[in-house]
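Peer 1: Sequence:
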Amino acid sequence: MADHDNIYDDEELVSANPNQRNWRGILIALLVIVAVLALIVTSVALLTPPDDGPRVRGARLHLSEVLSGELSPLLFNGSWARNYHICYRDPWGGISLLDATDMNIVSRSLMPNETFRRLNPAKFSLSPDKKYLLLAQNVKKLFRYSYLAQYVIYDVNTRECIALTPYPEKDVHPYLLLAQWTPRGNGIVMVQDYDIYYRTSPMSNIGYRVTNTAVPGILSNGVPDWLYEEEILHSAKAIWMSSDGHMMLYASFNDSLVEEMHISWFGEGNKALYPDIRSLRYPKPGTPNPSVRLYVADLVDPNNIHTKVVKPPAIIEHVDHYFSTASWVSLTEVCITWLTRAQNLSVVTVCKSPMWHCQEMQRITGDDRGWVDTPPEAPFFSTNGSSYVAISPVKDGPAGYYKHIIWTSVLRKQVVPLTHGKFEVVRILVWDQTNNTIYFIGIPSMRPGQRHLYRVNSALPVTGSPLHPAVCLTCTTSSSGMTSYDENEHWISSPSRQTNNPASRSEWHEGYDTQTEGTDNKEHRHSSKKDKSKNKNISKNGLPCQYHNAIFPPDGLEYFVLECLGPGVPTVSLYKMEMPVPQFITMLQNNTLLRERISNIALPQIKTFPVQISGGYNAQVRLYLPPGLREDEITRYPLVVQVYGAPGSQLVTEMFKVDWNTYLASRKNIIVAQIDGRGSGGQGYKLLHEVYYRLGSVEVADQLEVTDFCSSIEQLVAAIGRSSPKVPIPVSKPHGGEFPSPMNKLLS
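Counting in the UniProt record's numbering, the final residue of the sequence shown is number 748, and the numbers go up one at a time with none missing.
Be careful, since some hints might not be right.
[Stated by the list, open to error] In silico DSSO-like cross-links for lysine-lysine, where the CA-CA straight-line distance does not exceed 27 angstroms:
1. K686 to K395
2. K130 to K237
3. K686 to K668
4. K657 to K123
5. K284 to K352
6. K352 to K395
7. K311 to K352
8. K308 to K237
9. K668 to K141
10. K141 to K311
11. K668 to K657
12. K237 to K311
13. K237 to K140
14. K140 to K170
15. K123 to K140
16. K131 to K170
17. K141 to K237
18. K284 to K308
19. K352 to K413
20. K576 to K686
21. K130 to K422
22. K131 to K237
23. K140 to K576
24. K123 to K170
25. K308 to K352
These are calculated hints, taken from the structure and not from any lab test.
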């Protein structure tokens with residue numbers, strides 16, 4: 001019994017004594033749990049990507065901002081006057097005259113802001129004698145370049161305003177199709193109701209009628225019809241004055257045999273609930289084209305104006321033809337380029353007074369390889385008229401033909417190329433005959449979306465020696481001196497020859513890149529020479545400027561205006577032409593307000609890359625990616641392909657613009673693709689002429705081929721990866737679409 005009681009006593013002692021618990025085991029278990037939790041937390045912290053902040057930084061783009069044009073940049077709003085003066089809209093809202101040769105960069109006011117706002121001109125120009133301003137008011141747009149406007153002449157000295165009219169004796173203020181100053185003094189040429197008028201001075205009480213044959217809508221003088229305006233001259237005027245202002249070359253267009261196209265015209269806003277029906281003289285294949293005749297009018301005696309017909313060469317005269325360029329060679333000679341309707345023959349001619357019969361200087365044929373291009377400008381003649389330079393096809397072996405500069409002897413009919421290679425010349429800007437230098441805008445090899453300022457020696461090379469290399473003045477440099485492609489950068493372009501003074505080049509680009517508004521000339525100079533370590537040719541947006549335009553004065557070559565048009569917000573600068581590189585003087589426009597506004601908008605990410613297509617060519621492709629798209633995600637986005645295949649056109653360029661594509665990507669989270677395939681410009685005639693007699697076929701095939709390419713993740717990653725280290729992966733698959741409309745290929 002005692003033993004039995006002891007047993008129960010032991011059990012009670014064990015269960016009642018807490019000091020006998022296994023604290024060591026408990027502690028070890030807790031340590032293991034803490035260690036496991038620490039490992040989990042550490043792993044999560046290490047493997048979780050860093051927080052990049054909000055997915056979309058900035059406000060989404062509104063359609064009204066795109067349609068209103070308020071996000072369009074301000075470009076060069078002035079023009080060159082004589083003696084290196086620039087007439088421009090000043091920062092205070094008036095019109096001023098800037099002397100480029102004045103080291104203090106001082107401008108003289110021509111019209112105060114109050115007067116400008118009261119008159120509210122849409123366009124303005126200064127007379128050659130700098131006494132008057134010609135102001136266009138109440139502009140009504142007609143076609144791409146043409147418009148109707150009322151014109152006012154403003155006296156700079158007396159501040160008096162005079163309504164411009166062909167009939168000074170009548171108290172009327174008519175709408176004019178064209179008004180421009182003569183090259184000397186302050187004479188005015190104008191076009192009203194498609195007839196040309198001339199006034200010797202704004203104060204003259206007499207207007208002289210040069211033509212009287214116009215029939216509105218059928219026969220026009222001095223202004224082109226729709227076909228010539230849109231497709232050939234790319235201008236609203238067809239009048240060319242001699243340098244002394246005494247002779248006028250003008251074109252007369254007859255559309256009486258051209259069939260009419262009837263168009264529904266809806267107007268603007270809600271002004272017209274039902275459309276008007278308007279007619280347009282629109283020639284189609286196999287139907288009559290407008291006929292054109294060129295005339296020369298002698299204005300020395302305005303009371304007795306003599307007019308002579310310019311006679312085309314025999315090879316052109318008796319076939320359907322166009323004229324594509326016209327200019328004055330001297331006071332008694334004009335140069336006219338003619339083109340057959342089939343565009344398989346182009347003839348450069350010189351027509352001399354007094355008979356004005358055109359003599360053939362150069363002939364360009366298509367040779368069944370494609371059509372002959374209409375040149376962008378008339379040839380540039382030497383001072384004595386013995387030679388000229390122009391843009392013409394030049395063959396580069398198996399690569400085919402490219403647009404290059406040629407020199408032609410008028411007497412010997414000798415043609416010598418001055419540039420050569422797998423790049424293209426877009427436009428000749430000026431020929432400095434004193435220094436044997438030609439300045440031009442060109443497209444670097446393999447970079448069709450870029451435009452740069454080049455120069456080349458115009459002296460003929462010695463027989464057996466290579467051509468003088470073209471030097472790029474606005475390209476970024478590389479050690480090789482050749483146009484190159486870097487896998488870790490986007491597009492890189494460099495001059496074909498290095499300059500001997502890299503520091504000078506650096507100063508030029510830095511001066512261009514670091515200017516701001518509100519600084520005087522000394523601050524401009526100081527900022528242009530500091531911080532030599534900065535990247536050359538980097539715009540204020542941090543992006544290399546890859547799309548340029550240059551404007552030279554009409555009477556000299558010492559100064560020029562350089563426009564940086566993209567890919568960042570554009571800027572406009574004034575430079576002095578020096579060797580080896582130009583010298584920065586001042587910033588004329590830097591679009592500070594637009595830049596600040598753009599910085600607060602969620603703009604799309606833009607990726608540009610080449611894609612190999614049929615025939616061994618490379619299509620240039622650009623993707624507008626939604627701002628919220630991230631590289632580490634695989635998400636389906638709708639894709640819209642912008643389709644535009646006009647021969648020689650380019651969609652993929654480095655020019656800055658905020659447009660419908662920008663809106664779709666920014667606001668609607670739609671990926672927009674632009675594709676330049678066969679038939680596009682900037683890559684030589686071989687690619688361009690792939691659509692010869694095959695319009696609407698190969699360019700459509702290229703659109704489909706690139707679209708299928710973009711639907712493959714692996715291929716798209718590889719293509720974009722070559723142009724950017726960070727690779728977004730938008731994946732979409734096509735389910736149909738039609739090609740005739742501009743924005744139409746919908747992928748989901």
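Peer 1: Evaluate each hint against the coordinates.
Peer 2: Going down the list of hints, with the structure as the test:
In summary, the hint linking K686 to K395 is supported, as the alpha carbons are separated by about 10 angstroms, within the 27 angstroms threshold. Distance hint between K130 and K237 is fulfilled; the C-alpha atoms sit about 23 angstroms from each other, no more than 27 angstroms. This hinted pair does not check out: K686 and K668 have alpha carbons roughly 38 angstroms apart, beyond 27 angstroms. Between K657 and K123 the CA atoms are separated by roughly 22 angstroms; this keeps the pair inside 27 angstroms, and the hint holds.
With a C-alpha separation of about 35 angstroms, the suggested pair K284 and K352 falls outside the 27 angstroms cut-off, and the hint is violated. As the CA atoms of K352 and K395 are separated by approximately 32 angstroms, the hinted pair breaks the 27 angstroms bound. Our distance criterion of 27 angstroms between C-alpha atoms is met by K311 and K352, whose separation comes to about 10 angstroms. Proximity of K308 to K237 is assessed by CA-CA distance (about 20 angstroms); at most 27 angstroms being required, the pair is judged to hold.
For a cut-off of 27 angstroms, the pair hint linking K668 to K141 is broken: about 32 angstroms separates their Cα positions. Using a Cα cut-off of 27 angstroms, the hinted pair K141 and K311 is violated, with the two alpha carbons roughly 34 angstroms apart. At roughly 18 angstroms between alpha-carbon atoms, K668 and K657 fall within 27 angstroms of each other, so this suggested pair holds. For the given pair, K237 sits about 21 angstroms from K311 by alpha-carbon distance, which is consistent with the 27 angstroms threshold.
Only pairs whose Cα atoms come within 27 angstroms are accepted, and K237 paired with K140 is accepted, the gap being roughly 16 angstroms. For the suggested pair K140 and K170, the alpha carbons sit about 23 angstroms apart, so the restraint of at most 27 angstroms is met. For the hint pairing K123 with K140, the CA-to-CA distance comes to about 12 angstroms; that is within 27 angstroms, so the pair holds. For the hint linking K131 to K170, the alpha-carbon distance of about 24 angstroms falls within 27 angstroms, and the restraint holds.
Only pairs whose Cα atoms come within 27 angstroms are accepted, and K141 paired with K237 is accepted, the gap being roughly 14 angstroms. Annotation: proposed proximity of K284 to K308 is violated, straight-line Cα distance about 31 angstroms (limit 27 angstroms). With a C-alpha separation of about 17 angstroms, the suggested pairing of K352 with K413 holds against the 27 angstroms cut-off. Of the pairs offered as hints, the one joining K576 and K686 is violated, with about 38 angstroms between alpha carbons and a cut-off of 27 angstroms exceeded.
Using a Cα cut-off of 27 angstroms, the hinted pair K130 and K422 is violated, with the two alpha carbons roughly 45 angstroms apart. For the hint linking K131 to K237, the alpha-carbon distance of about 24 angstroms falls within 27 angstroms, and the restraint holds. Taking the CA atoms of K140 and K576, the gap is near 38 angstroms; set against the 27 angstroms cutoff, the hint is violated. Simply put, K123 and K170 have alpha-carbon atoms about 25 angstroms apart, close enough for the 27 angstroms limit, and the pair holds.
In summary, the hint linking K308 to K352 is supported, as the alpha carbons are separated by about 11 angstroms, within the 27 angstroms threshold.
Consistency with the previously given hints fails for numbers 3, 5, 6, 9, 10, 18, 20, 21, 23, ordered from lowest to highest.
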